[in-house]
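Please model the entire structure based on the sequences and the hints provided.
Per the numbering used here, the sequence shown runs over residues 645 to 771.
Worth flagging that the hints you see were computed from the coordinates, not collected in a lab. There's no promise every hint is true.
[Unchecked claim] Derived pair list, reagent style BS3-like, types lysine-lysine, alpha-carbon separation capped at 25 Å:
#1 710 x 676
#2 676 x 649
#3 655 x 727
#4 656 x 710
#5 655 x 739
#6 727 x 739
#7 739 x 710
#8 676 x 727
#9 727 x 656
#10 655 x 676
#11 655 x 734
#12 676 x 739
#13 655 x 710
#14 710 x 734
#15 656 x 676
[Claimed, not checked] Distance ranges between label pairs, derived from CB positions:
#16 769 x 727: 13 to 23 Å
#17 749 x 649: 19 to 29 Å
#18 753 x 711: 33 to 43 Å
#19 653 x 768: 17 to 27 Å
#20 765 x 709: 30 to 40 Å
#21 764 x 679: 35 to 45 Å
#22 755 x 650: 32 to 42 Å
#23 649 x 754: 17 to 27 Å
All C-beta atoms in this analysis are idealised placements derived from N, C-alpha and C, irrespective of residue type, glycine included.
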Amino acid sequence: MAMNKTFDEIKKLIGTDHSRSYTDYLVGIIMKRNELFDDVWQIFAAREEDFSRKAAWVLMHAVTQKPGLITPYLDELVEILPKLIHDGEKRNAIKIVSLVEIPERLYGMLVEICFRWLNNTHEATAI
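Next up, the structure:
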């Protein structure tokens, strides 16, 4: 993970507020500067509670507007899915998956993860 001033600034912004309007503000910044998507991805992938959950929401809304942003991270996203604990992270991550074309090489892993969640009676219905 590249630690730089921009990364630190984005992490601070993500930790500031979790409202929809603030998330839209952050996504607007990412739409103008797509390279910042990587910083938000790194925050999500670091699995640091609270920051990761908030970053997942920003990622999902950014991918909703521009699905191609997630393409370089699809393999890593699928690897991270089983490690997700918070319902919000799971919802947003699976929503991201639903917004893009998934390469065949990831089908098996995704099906396994989704069925594991479906069969888990303790899993939230929204997942």
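25 Å limit on alpha-carbon distance, applied to hinted pair residue 676 and residue 727: Between residue 676 and residue 727 the Cα gap is close to 31 Å, so the pair fails against 25 Å, i.e. violated.
Below or equal to 25 Å on CA atoms is what counts here, so check residue 655 against residue 710. With Cα atoms ~21 Å apart, residue 655 and residue 710 stay inside 25 Å; holds.
Holds or violated: residue 676 to residue 739, with C-alpha atoms at most 25 Å apart: holds (22 Å)
Determine whether the Cβ-Cβ distance between residue 764 and residue 679 falls within the hinted range of 35 to 45 Å. holds (37 Å)
Straight-line alpha-carbon gap residue 727 to residue 656, limit 25 Å: holds (24 Å)
Do residue 753 and residue 711 keep their Cβ atoms within the hinted range of 33 to 43 Å? Violated, since residue 753 and residue 711 (Cβ atoms, about 20 Å apart) do not stay within the stated range.
Holds or violated: residue 727 and residue 739, Cα atoms, limit 25 Å. holds (16 Å)
Restraint check for residue 739 with residue 710, where alpha carbons must lie at most 25 Å apart: The given pair, whose Cα atoms are some 13 Å apart, holds under the 25 Å limit.
Pairwise hint evaluation, residue 676 against residue 656, where the allowed Cα distance is 25 Å at most: holds (19 Å)
Assess, step by step, whether the Cα of residue 655 is no farther than 25 Å from the Cα of residue 739, and give holds or violated. holds (22 Å)
Are the Cα positions of residue 710 and residue 734 separated by 25 Å at most? holds (20 Å)
Could you see if the CB distance from residue 649 to residue 754 stays within 17 to 27 Å? violated (36 Å)
Checked against the numbered hints above, the structure breaks hints 8, 17, 18, 19 and 23 and satisfies the rest.
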